[in-house]
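Trainee: Chain residues, written in single-letter form:
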Amino acid sequence: MKRFDRRWPIVIWVLFLAFCIYVASRIQIGADLNTLLPRSPTPAQQLLTEQLRDGVVSRLILIGIEGGAPEVLASASKELARRLRTEPAFVMVNNGDEDSLSKDQAYLFDNRYILSSAVTSGHFTPENLRGSLENTLQMLGSPAGAMLKRIVPRDPTGELLHILEGFAGQTQPPKQEGVWMSRDGKRALLILQTAAAGYDIDAQQLDVALIYAHFAENARNQGFPDLKIQLSGPGVFSVESREHIKEVAFNFSIITALLVSTLLLLVYRSPQVLALSLLPVLSGALAGITAVSLGYGVFFGVTLGFGITLIGEAVDYSIYYFTHLSSEKPPNKALENIWPTLRLGVLTTICGFSPMFLADFPGLAQLGLFSAVGLVIAVLVTRWVLPILVPVNFSPRTPTRLAAIIMALIRQAPKLRPVVLIAVVAAALSIATHRDPVWSDNLSSLFPLPEAQQQLDQSLRHDLGAPDVRYLVVVSSDDREKAIELSEEVGSQLDSLISKQALAGYESPARFLPSQNTQRARLAAIPDEKELRSSLQQALAGLPFRSDLFEPFIKEAAIARSQPLLTLSSMKGTNLGLQAESLLAHYDNRWKAMLPLRGVTDAPAIQQVLPRLGSSIILLDLKQEGDSLYQSYVREAVLMSVFGALAIALLLLATLRSVRRVAAVFLPLAAAVIIATAILLASGQKLLIFHLVGMLLAVAVGSNYSLFFDRESNANEHEADSRRTMVSLLVANISTTIGFGMLSLSGVPVLTAIGETVAIGAFLSLLFSAVLMGHRIK
Amino acid sequence: MTRTLAARLFFWTWILPTALTVTSAFASDQEQNGTAWTLAKLMQDLAQVKKARATFVEHKHLSMLTKPLLFSGTLEYTAPSRLEKNTLLPKPESLILNQDKLVVKSGNGEERRTLSLQEYPALWAFVESIRSTLAGDIGTLERFYHVTLNGHPEQWQLELQPSDPKIQSMVSEILIKGSFAEITTIEIREAGGDYSVMRISRDDS
Chain H
392 MKRFDRRWPI VIWVLFLAFC IYVASRIQIG ADLNTLLPRS PTPAQQLLTE QLRDGVVSRL
452 ILIGIEGGAP EVLASASKEL ARRLRTEPAF VMVNNGDEDS LSKDQAYLFD NRYILSSAVT
512 SGHFTPENLR GSLENTLQML GSPAGAMLKR IVPRDPTGEL LHILEGFAGQ TQPPKQEGVW
572 MSRDGKRALL ILQTAAAGYD IDAQQLDVAL IYAHFAENAR NQGFPDLKIQ LSGPGVFSVE
632 SREHIKEVAF NFSIITALLV STLLLLVYRS PQVLALSLLP VLSGALAGIT AVSLGYGVFF
692 GVTLGFGITL IGEAVDYSIY YFTHLSSEKP PNKALENIWP TLRLGVLTTI CGFSPMFLAD
752 FPGLAQLGLF SAVGLVIAVL VTRWVLPILV PVNFSPRTPT RLAAIIMALI RQAPKLRPVV
812 LIAVVAAALS IATHRDPVWS DNLSSLFPLP EAQQQLDQSL RHDLGAPDVR YLVVVSSDDR
872 EKAIELSEEV GSQLDSLISK QALAGYESPA RFLPSQNTQR ARLAAIPDEK ELRSSLQQAL
932 AGLPFRSDLF EPFIKEAAIA RSQPLLTLSS MKGTNLGLQA ESLLAHYDNR WKAMLPLRGV
992 TDAPAIQQVL PRLGSSIILL DLKQEGDSLY QSYVREAVLM SVFGALAIAL LLLATLRSVR
1052 RVAAVFLPLA AAVIIATAIL LASGQKLLIF HLVGMLLAVA VGSNYSLFFD RESNANEHEA
1112 DSRRTMVSLL VANISTTIGF GMLSLSGVPV LTAIGETVAI GAFLSLLFSA VLMGHRIK
Chain R
16 MTRTLAARLF FWTWILPTAL TVTSAFASDQ EQNGTAWTLA KLMQDLAQVK KARATFVEHK
76 HLSMLTKPLL FSGTLEYTAP SRLEKNTLLP KPESLILNQD KLVVKSGNGE ERRTLSLQEY
136 PALWAFVESI RSTLAGDIGT LERFYHVTLN GHPEQWQLEL QPSDPKIQSM VSEILIKGSF
196 AEITTIEIRE AGGDYSVMRI SRDDS
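In order, the protein sequence lines correspond to chains H and R.
The first sequence maps to residues 392 to 1169 in the working numbering.
The second sequence maps to residues 16 to 220 in the working numbering.
These aren't lab readings, by the way, just hints derived from the structure by calculation.
Hints may contain errors.
[Claimed, not checked] Not the full set, but computed from the structure, chain H residues with beta-carbon under 8 angstroms of chain R:
#1 Lys540
#2 Val543
#3 Leu931
#4 Ala932
#5 Pro935
#6 Arg937
#7 Leu1042
Positions of the beta carbon are idealized from the N, C-alpha and C atoms, including for glycine.
Generate coordinates for the entire structure from the input sequences, incorporating the hints supplied.
Mentor: In structure tokens:
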């Protein structure tokens, strides 16, 4: 019975680990994009996040093929497009070749009387026909006539050209060898649209793999081994950043674990100590994953990367334990003396993180939950499980020489106080006078994209002449037909704004698929054959057209009169059909029609006109909404940090019961945060939310150091104990700096931001604790 | 709407037939070097011209019409890349080409459209047949056309055959005739027998 009493923590621990492993093994790794989506957005933000998740934009993949002469690139582009068109995963594959456009041209021409907004009731009167014919004559006089004269006998009123007019301002990529190619002829270009939504990273990953596979096979078959393919687009980014973060998290966890292990081996010279030291870390990480998994269902890539940092931090507890372990005390008494301080340190850390759980920002909340649970479990395992596992009479070698050096250094440290004072003042001044904005102000800074990938995307977009869509009119309705009708109303308003030069153009689902009412009205505007023939006869008087030239027009207009109305299925197989479908989305039982605007120069004018059409019409400024979304994140994060700092202060005040001691504990941390911020800004960076998270973490970790200094200067300790504490602090600090320092080299912006902040902050915290509090150490 | 449509198409009017007279101080030099006269030399001479003004008259013959169409107006060139065509009859209209931008203006000077040549490869080819000739830019000319030179300095003829089969299917040949560094006639032969002739005379006023 007594034996069981002593061992019960082990039983609980093992059961707990088994449970964690069971949960963690079923975990889903989520998309990083999801991390960024707020839980309670405004309607405009809701639209923005829908667009980011599975809108048209999110389904786009841009492809560049490089590494050959233009003829080679063109032939590779054609063959790749041909192959990809056979894959149902891609709803649109466009490389600018004739094949990809011929169906669209046929659709537009064959249905010109339904699609042309010029077809109204008076369009075919003798007077109006006369006007159309005069325009056609003018056109024939221009060299454009060379291109267009073939269709004049069938379309003398210029309906096709009127329809195409709607595309004006829509940039077409340059062509060489019959396909889209950059102007310098070094890169063939393709645009793909995936069937899967952008947020569906697993599907996007399959799509990306499919493209690479077809490209490789194609390069082999055609004998172009030197060609290279580059992919870009939101889905591709999500796939690559997930892979990258996974890879980084894995590789850097291993490197960090090796480095920390080496450190522990150097200090304690015992493989046994090393193995036992890692138990709290591993338990903490597993518990963290389990908590996130249970709390959120998915585990974000970013959080996974964050797991590394836990290695650097949670191993501190083992270090404290083993440094205080000696043959003079039983293993379970080793921590007794420092336990109150250690417990306070853990509580401080949790206070620092707790506001993050409440954030409207799942990414931050996950980080908070992960860290807090991980640290609590790590400290519990250190306190109750480790002592049982340590063999009786086990006593690790105390690094006495190291201890002597450390104590000597700490006694000298207070001499640096003037230096610290000057550094803090200088840092504060440099922050106050910092010219550029301190905070990064756009949403894209949240996306963990490495520089090289951003540049590739920009250069592909530049080559394609495809600027980012910034303004979008969104129309919503319960009914699809109604949404199209509203789009038509918005379209006619936009047309008049175009003539006032408020914008250059727009796309609309109604352009390729007018509402049923509009279609019926246009067809009804075509007179019967007899009437049309006589009107044409009158209109032609005095014009130099040959008399029988327009027989094809009369015949085709008569056929059009009785043609069936267009539906989405009439557009099957055309790029236009896909475009119409992608501009008409169905969310939560509401139909939403999207009208992307081009070349907007006067947004307020547009904003002024639209509300008159009804409340279901919103002009969405993607950039502004995105930035304000981001700024609300920043505000929230700053607020959370302030609450976190307040919570820590209250906790310390309640425990230490002395304002002077609390101030002394805070002082080194404040100095460290100020200087770390100044260093980051001086290095030319703008601060991200993740820097702020890093600061919180640095304060949480650093408070452990200053709390120990506080304890040593206020408790009556043996000098040996004091030494042990100081050694453990230094080793713990080095391991933390290694862990976070490695993270700053990861190349993933989010992780780099957190890594560099904590590495600098934690190191300075210990240094300043020694400088500002070391004088009272015995 | 039809007006903008017409404007959009009418830039073509200007692209092919534009040509200019020239006040060249170098005409006399050419006579001295007559023996070594080549395409390169013609281009070099054309490149010396920095500014020119001219009037034009254009006839266009189309098989679907019962009589030819007639246009007239003025042309203006400033080296190396600005070209302006003002049609006065039958309807006033201006087209201004500057570098890779084409601005279409209606009779009353109101700007109706700005086009980027990069977006219209066929249009770009047409523009360069004239502009590159005026600028003496043989490199650009040969990018779009097979170029042949016949005649002598006093009466020469450039034959431009589009190298792109797509443009070939619309325009089979462009003939630019001239004397020294001056262009006098531009003939465009379209596929299917339609053709147009533009005569250009120097305007020293």
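Trainee: Which of the stated hints cannot be reconciled with the structure, identified by number in ascending sequence?
Mentor: 3, 4, 7
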